[in-house]
Amino acid sequence: MQDKTHSSYKQLEQKSKYTNMFLRWFLYFVLVIFALYFIFPLYVMVVTSLKTMEEIRQGTLLTWPNGLNFDSWLVAWGGRGYGAGDTFLKPYFWNSIKMVVPAVFFSTFIGAMAGYVLTKWRFKGDKWVFLFLLFGCFIPYQAILLPMARTLGVLGISNSVIGLVLVHTVYGIPFTTLFFRNFYVSIPSELVKAARIDGAGFFKIFFKILLPVSTPIIVVTIIWQFTQIWNDFLFGSTFSFGEAAPIQVALNNMVLSSTSVKEYNVDMASAIIAGIPTLIVYVLAGKYFIRGLTSGAVKG
Amino acid sequence: MLKWLEKNLPKIVMAPAVGLIGWFVYGFVLWTLYISFTNSKILPKYELWGVGQYVKLWGSRKWLIAVDNLLIFTALFLIFCIVIGIILAIFLDQKIRAEGVLRTIYLYPMALSFIVTGTAWKWILNPTLGIQKMFIDWGFENFTFDWLVNREMAIYTIVIAGVWQSAGFVMALFLAGLRSVEDEIIKAAKIDGANLFTVYWKILLPMMRPVFFTSFVILVHISIKSYDLIVALTQGGPGISTTMPALYMTQTAFHKSQVGLSAASAMMMFMAVAAVIIPYLYSELRRENAR
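If you read the protein sequences in the order shown, they are chains A and B. So for the first sequence, this note's numbering puts the first residue at 425; every next one is plus one. So for the second sequence, this note's numbering puts the first residue at 5; every next one is plus one.
Bound-form chain B, shown alone (with noise of 0.2 Å):
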């Protein structure tokens, strides 16, 4: 008994956390893909439906305007990520004074919370009191910025709130790159005669393939899951303009009690991620078994 205690205690002591998760991430996933499958209202019905919610769901305008504002956010919300970010790892690697001040100050917001930056955010942003009146106040009479308010113009609104937070990670990312570049690779190519911006687009910005892959799996990943930023900044208003997936999901569960389609919900937002995110481990896994 003891000796076979003493052989498996490794696996003994791996166990918790194989339970734990099994059952709360694969059992709750297929709990969740099950209840998609039935006509559950308040309470879960165990009785299968067929694949009715996946077809209220698609059919539901607020749904639709879900996904449309997710790939508008998305596709904004990386490329001004990604930008900004490559735009300051480059000049902070130009040997920069001050840099670690630089550097904190771009990345502090990933340590706040995005109720704390949508609170303050929504503050700015108010046409009453925020942005607009200083402008006015400054003697730009004419000036209005209400974005916060206008339907057309609200999501963008949480593109800049969203930015604000996560380009300095991506910062973090690419420097980090950039200075694991050996320097052997930037001398030999002065010498041959190339400049620094040819050196950074034709030898360096190609090195950060990985780079470029990692920030764009996990900024689709923040995108896809964005659900604290948009409650505290819009509430998905005004009206529903604002609504993205996540919102969607926890509004129909929790307000609506339409749990079958919430699920739904739910599973379509799992597959988007699951696209993303399988091919990245397995490439993940290849390059680590490569080494």
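Just chain A, same shape as in the assembly (with noise of 0.2 Å):
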């Protein structure tokens, strides 16, 4: 009798230790299918961009390129050597540098400055600043770029990399706020408290306690903004046109442009020439990416 019930919980155990290998094989292949899903495209970037435009016509999507063939690349960065017409990525891919870099730079510095004084320098109605500032970061720009074009207009920027600068540096301030304000919430008041009874001063306790211990926000600050300001294109486009266009609207033209026969394998060099940046960025530091992303992906 003992004999029966113990076989038939054995033969129970065996049949679940099926199904659960059966649902482990489901699960992996569903993440599988998944993951081709969504490096499908990155692939096929990748090799078409390798390839000549012979052997495109040829094969399909997914065939493998007969050699490495680095020509649309070179095209692609420095163009083809003659005058007009010949458009290329390195001007517009210096022109996103020279952008990217003042632009993370100041709008991190004052967002550290204001999420210090929201803080540990709590006046009256901060909380209202507070939401002052963090509404900015879910407006429409839409509902800005007529004004903003105007303005850059009357200052004489319009059309330069110092128009974008400014941009992208004011319409940073509320995510760079909120990241610095939510970090600097969490580390304790009483370390401030105490330096300024030591007589510290605001800009002293600011440098000798916040800032050695703001390292990762720092990163995700500037992880954030280098992607997003890299990969804007509604600012470049309505703000910049001709030679001080930045890489994105720059690429955009190249593939829009319908002088000659279409060369999809200079248009995916280039597609990937303006997305490698941020690619290695996200590679190289994907927990502070993602970190970024959690806490600040209302922006578009």
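Be a bit skeptical, because a hint or two may be false.
As the list claims (entries may be wrong) - Computed list of lysine-lysine pairs in DSS-like fashion (alpha-carbon distance at most 30 Å, straight line):
no.: 1; chain 1: A; residue 1: K632; chain 2: B; residue 2: K11
no.: 2; chain 1: A; residue 1: K686; chain 2: B; residue 2: K260
no.: 3; chain 1: A; residue 1: K628; chain 2: A; residue 2: K617
no.: 4; chain 1: A; residue 1: K551; chain 2: B; residue 2: K11
no.: 5; chain 1: B; residue 1: K99; chain 2: A; residue 2: K711
What the hints assert, rightly or not - Here are a few chain B residues that sit away from chain A, every Cβ distance over 12 Å (derived from the structure):
no.: 6; residue: I25
no.: 7; residue: N154
no.: 8; residue: Y160
no.: 9; residue: I190
no.: 10; residue: W205
no.: 11; residue: M211
no.: 12; residue: I244
Said to hold, decoys possible - Simulated coverage check for chain A against chain B, where a stretch passes if three residues somewhere in it have a Cβ under 8 Å from a Cβ of chain B:
no.: 13; segment: 532-541
no.: 14; segment: 556-570
Derived from the structure by calculation, the hints contain no laboratory data. Because the structure is a prediction, the values reported are computed rather than measured. Backbone N, C-alpha and C fix where the C-beta goes; we use that ideal spot for every residue, glycine too.
Take the two lone chains and join them into the complex the hints point to.
This is the structure in structure tokens:
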């Protein structure tokens, strides 16, 4: 009798082991299918950029290239060497660098200061000031495009890298403030109070107490701002054209230009060049990237 | 003097941020609002004209198509991103081997710009050499996939690319949410005889209510503002079949020189975003105050 229940129990266990194994396989199957879906465009981009147009016409999206042929990359980066109509990314890549570095620096600095004041030097109504700034994260930029275009014109910096630096600095402030404020909230205020009693001033407290522990949030903020500004298209395409354009605008112009036969290999090489800086940052500092994303990803 | 400076230093340091945002966000939105009540064409006019631009806007076929597209896009974008995001998050939560690698793969599109994404998908979806040709070459001779150039279907190509870009992000939000649930709750449920499916469906997913809310707000926000992806993928075409409000706004302002009308469309977008964001901010603040 006892033996019987025991064996039936064993059977049951065996059965659930099989269902478990089946479920396990199913799990991995679904995860891998999705991984293929996500990796597919990147694979196609890389492979296409390495093919000649002849290979592209003969093969399919997935066909492996005949050899490592970086010609399209060279064309995308440096052009073909004839005058008019020869657009290539190199000058615009540098425009983007010249735009990103100061804009990231200024917006991060202003945000750090604002976050510091809002948490460690609290004043009456500081919550409202934070809310006032926070709302700037959410506005659709269409509502400020027209006056911004006028303002840049009046200041004489429309269609220039300086103009774009201003725009990106200003509209980055709500995000950088949010990041620093949320980080400094978690740092005990007792330290600051003690330092104040000892007579340390505003800046001394910031540089001696807060800055040394701020590395993670500075990294998060810089990565977030870098990615946002590098990838921006709306401001770039509205406030600049021709020589002052940042790389995303140049990429779009290159792909849309219908001067000659469509060269998909060059298009794909260009797209990779425009995407590589942010991809590298993502791969190297994914942890910080995700942290920024989950705490500040309200921007489209 | 020096004492005053010392006392007010925090406020002085705060001033640039407040001043810049006050001017460039609030001032500019008010300016746009004002202009939307004028009859501005190429240059802004400051004479009030009433609600004429709004009447014109809602009588415009192109704007109605844009709103229609926005509704279709938002609905599908939300559903697919959230469903795929949840599935991936739950599956990844089962002590999967190579979780790190998979997570990296699911999320890398978020690092790319919509212009890069759009360029890639435009090439993949183009009927002559893209996916369609791939299937035909594989022997499916009658296979057609021409959504990109098909008036009726082009909007769905934007959904495909948009979901590809943002689903991983929803996954990250839910995974973080699931990981923050204490193991005791799951163990207790299992002791009570609940199977894994019940644990997720009856206990964990209902607990994820705030994550649903956050994803909803962020995804709606992305979709109302979506502009780059459409520019890169379809330019609003074929014809005007994939126009969306953000594209309508810039085209009306900078190609058609209808500044007043464009300001009105911008204000409609602003109000749509505000309708989603204000309740969200309110609830977030309440949560923070409760802590």
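Here is how each hint holds up against the structure:
1. A:K632 with B:K11: Holds, at roughly 20 Å.
2. A:K686 with B:K260: The given pair, whose Cα atoms are some 29 Å apart, holds under the 30 Å limit.
3. A:K628 with A:K617: Distance of about 13 Å is within 30 Å: holds.
4. A:K551 with B:K11: holds (20 Å)
5. B:K99 with A:K711: holds (19 Å)
6. I25: The assertion about I25 (chain B) is violated, with a minimum of 5 Å to chain A.
7. N154: Given that every Cβ of chain A is farther than 12 Å from that of N154 (chain B), nearest at about 19 Å, it holds.
8. Y160: The claim holds: Y160 (chain B) sits with its nearest Cβ about 16 Å from chain A, beyond 12 Å.
9. I190: holds (17 Å)
10. W205: Given a closest Cβ separation of 15 Å, the condition holds.
11. M211: Non-interface label stands for M211 (chain B): nearest chain A Cβ at 17 Å, farther than 12 Å.
12. I244: Holds: least Cβ distance 17 Å, greater than 12 Å.
13. 532-541: holds (count 6)
14. 556-570: Check passed, 14 qualifying residues.
The structure is inconsistent with hint 6 alone, although it conforms to all the rest.
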